[in-house]
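Starting from the two chains in their separate frames, assemble the complex, guided by the hints.
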Amino acid sequence: MEESEKEILFSNLKEVLFSVIENKRQNPKTLKKLNKFKGRINIGFQIEKDDYFWCALIGENGNFTFSRGKLDDYDLLIKVVPEDLLFMVSGENSTLHMVIKKNEFGYRKFRPGKGSDNKRHFGIILKLRKIIVI
Amino acid sequence: MAKFATDEWAEQYAKALNENENYRAAADPKGFPPDGWEGDYVFIIEPAGNLDHQINMWIGLHHGNCTGAKILKETEPFQLIKAGEKAPEGVIGVEFIYSATYDTWELILKKELDAIKALLMGKAKLKGDMAKVLKSTKAAKEMVVTTTIIKTELW
Chain A
1 MEESEKEILF SNLKEVLFSV IENKRQNPKT LKKLNKFKGR INIGFQIEKD DYFWCALIGE
61 NGNFTFSRGK LDDYDLLIKV VPEDLLFMVS GENSTLHMVI KKNEFGYRKF RPGKGSDNKR
121 HFGIILKLRK IIVI
Chain B
135 MAKFATDEWA EQYAKALNEN ENYRAAADPK GFPPDGWEGD YVFIIEPAGN LDHQINMWIG
195 LHHGNCTGAK ILKETEPFQL IKAGEKAPEG VIGVEFIYSA TYDTWELILK KELDAIKALL
255 MGKAKLKGDM AKVLKSTKAA KEMVVTTTII KTELW
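If you read the sequences in order, they're chains A and B. Numbering-wise (the numbering used here), the first sequence opens with residue 1 and increments by one. Numbering-wise (the numbering used here), the second sequence opens with residue 135 and increments by one.
Quick caveat, the hints were computed from the structure, so don't treat them as lab data. Careful: at least some of the hints might be erroneous.
Stated by the list, open to error - Chain A side only, calculated, beta carbon under 10 Å to chain B, not exhaustive:
| hint | residue |
| --- | --- |
| 1 | Met1 |
| 2 | Glu3 |
| 3 | Ser11 |
| 4 | Ser19 |
| 5 | Glu22 |
| 6 | Ile58 |
| 7 | Glu83 |
| 8 | Gly91 |
Said to hold, decoys possible - Examples of chain B residues lying across from chain A (beta carbon under 7 Å, computed):
| hint | residue |
| --- | --- |
| 9 | Ile250 |
| 10 | Gly256 |
| 11 | Leu260 |
| 12 | Gly262 |
| 13 | Leu268 |
| 14 | Lys269 |
| 15 | Thr271 |
| 16 | Lys272 |
Since the model is a prediction, treat every value here as computed from it, not as a measurement. For glycine and all other residues, C-beta sits at the position ideal for the given N, C-alpha and C.
Just chain B, with the same shape it has in the complex (with noise of 0.2 Å):
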């Protein structure tokens, strides 16, 4: 079992999104055409109930495979780019952000909040092309179903 948002946690991630035919499916050529889904995403878990710190975990994503995933550290600086745009160098670029407090991070790995619910109640909040989102919820919804799949330690 691993803690949540942590290195070995956003590992185990990669994996079950690799694993999980129901994304691959959603984001592949067929599924988001005509390539597939390219657009990496990070999703900041904010400091509340146990967690006392924030966190940031970035995840590569690309035409239905995830390319990997991984805690980003304080030294490694990331920024909101548009699709086909460069971060600057030293800076990881993302086309998404989706953000929540850890308590309500928690409500989602317990499936007690749907992750969409979530954001339209403002209990979450996405950065990012909100049409290209629109045009992949069935990945977007796979993407946060993957995370209730790991067995996971909380904080």
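Excised from the complex, chain A in its bound form (with noise of 0.2 Å):
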């Protein structure tokens, strides 16, 4: 993949999880939730079968960035396709469906890894879907 194709599948993944973002920011409920996460993640999205494209989410009182490549300092690290996590946003792909599945790569759909304490953060994953799915 192209540096502009790169920049392209940013601005595109960010303008699908901000809109999210700003949806809940609308709702007294959903606010409570986005102002209460405190986590940092790596995600790789899987362009090729052995390639991943980095970014990060970072999200600390109710304020949420999203950049390229890596934390080295990260609570959660996710590995998944670019259209599935989009599918998973809109909710169509449960958590489940994700873990289970397997992606066009022959991967499981969703694959959480270590934080870089090496331990798992089990707690964030269960917050982020409150965060990121729709």
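Written out as structure tokens, the structure reads:
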């Protein structure tokens, strides 16, 4: 994938994620969840069998940033195909579906990994779902 | 067989969409609560390959039904509006515009490219309320699937 294509992919993914976050800001119930969320997540978007495009989502006190590259200090690492994440965000694919079913490259659709402290932070996965699933 | 993005094709598309039970289920009040999907689209087919002019196709959508589809003439302007807004008189208001070059549409029609993937990769563009579309990806997918059901002659 060329650099210009990566930039387009990044900006579209950012638009998708922030449109969901903005949508949740409109609802007092979900706004509470946004404000409570605290996490640093590396997301490896699988674009080829062995090629990942890394982005980082950081959330704290209701503020969210999504940037290109990998964080050194992170709570959670996820590997996912971009369009599979979109179907998870839209609610069409459940978390169970994402964890069980395989993607076009033969891997599980949603692969969570350990944080930089070598621990699994399952709580963040559950909280993340409440943030990014519309 | 109808030529892609002609009035005949648009008419067949509207009919096929109304016969697509999966679309209806995804966009009716049960599939898209509380009232069902509301929001017309314009598909823009930008010139590329054998197509030397832009085609704008309007698709009316209301609560799981396709209220009509037609190719817009140059004298029929359209504009993006928000839900509940009204377009100025003489202008067709649509909530969503999905645009791509003819080459990309051809790949979608041949099922060689997924419309959602095309969007993420920047090969297609969507204007409108992204959050609303995300709530109805199933219906959006069925809209695209319906384009592949029609026996289509390419340009």
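* Asked: Can Leu260/B be said to touch chain A, with a Cβ gap under 7 Å?
  -> Given a least distance of 9 Å, the restraint on Leu260/B is violated.
* **When the least beta-carbon distance from Gly262/B to chain A is tested against 7 Å, hint result** => violated (11 Å)
* **Leu268/B as an interface hint toward chain A, with CB separation required under 7 Å** => Nearest chain A Cβ about 5 Å off; hint holds.
* Using Cβ atoms only, decide whether Gly256/B comes closer than 7 Å to chain A, and label the hint accordingly. => Holds, because the Cβ-Cβ distance from Gly256/B to chain A comes to roughly 3 Å (cut-off 7 Å).
* Satisfaction of the Gly91/A interface hint, Cβ to chain B closer than 10 Å -> holds (7 Å)
* Does Glu3/A meet its interface restraint, that is, does its C-beta lie within less than 10 Å of any C-beta in chain B? -> violated (13 Å)
* Hint validity - Ile58/A Cβ closer than 10 Å to any chain B Cβ -> violated (21 Å)
* At a threshold of 7 Å, is the proposed contact between Lys272/B and chain A supported by beta-carbon distances? -> holds (6 Å)
* Regarding the hint that Ser19/A lies at the interface with chain B, is the smallest CB-CB distance below 10 Å? -> Holds, because the Cβ-Cβ distance from Ser19/A to chain B comes to roughly 4 Å (cut-off 10 Å).
* To do: Identify whether the interface hint at Lys269/B stands, where standing means a beta carbon of chain A within less than 7 Å of its own.
  => holds (6 Å)
* To do: Answer holds if the nearest beta-carbon of chain B is closer than 10 Å to that of Met1/A; otherwise answer violated.
  => For Met1/A, the interface hint holds, since the closest Cβ of chain B sits about 9 Å away, which is under 10 Å.
* **chain A contact restraint for Ile250/B - C-beta distance below 7 Å** => This interface hint holds because 5 Å falls under the 7 Å limit.
Of the numbered hints stated above, those contradicted by the structure are hints 2, 6, 11, 12, listed in ascending order.
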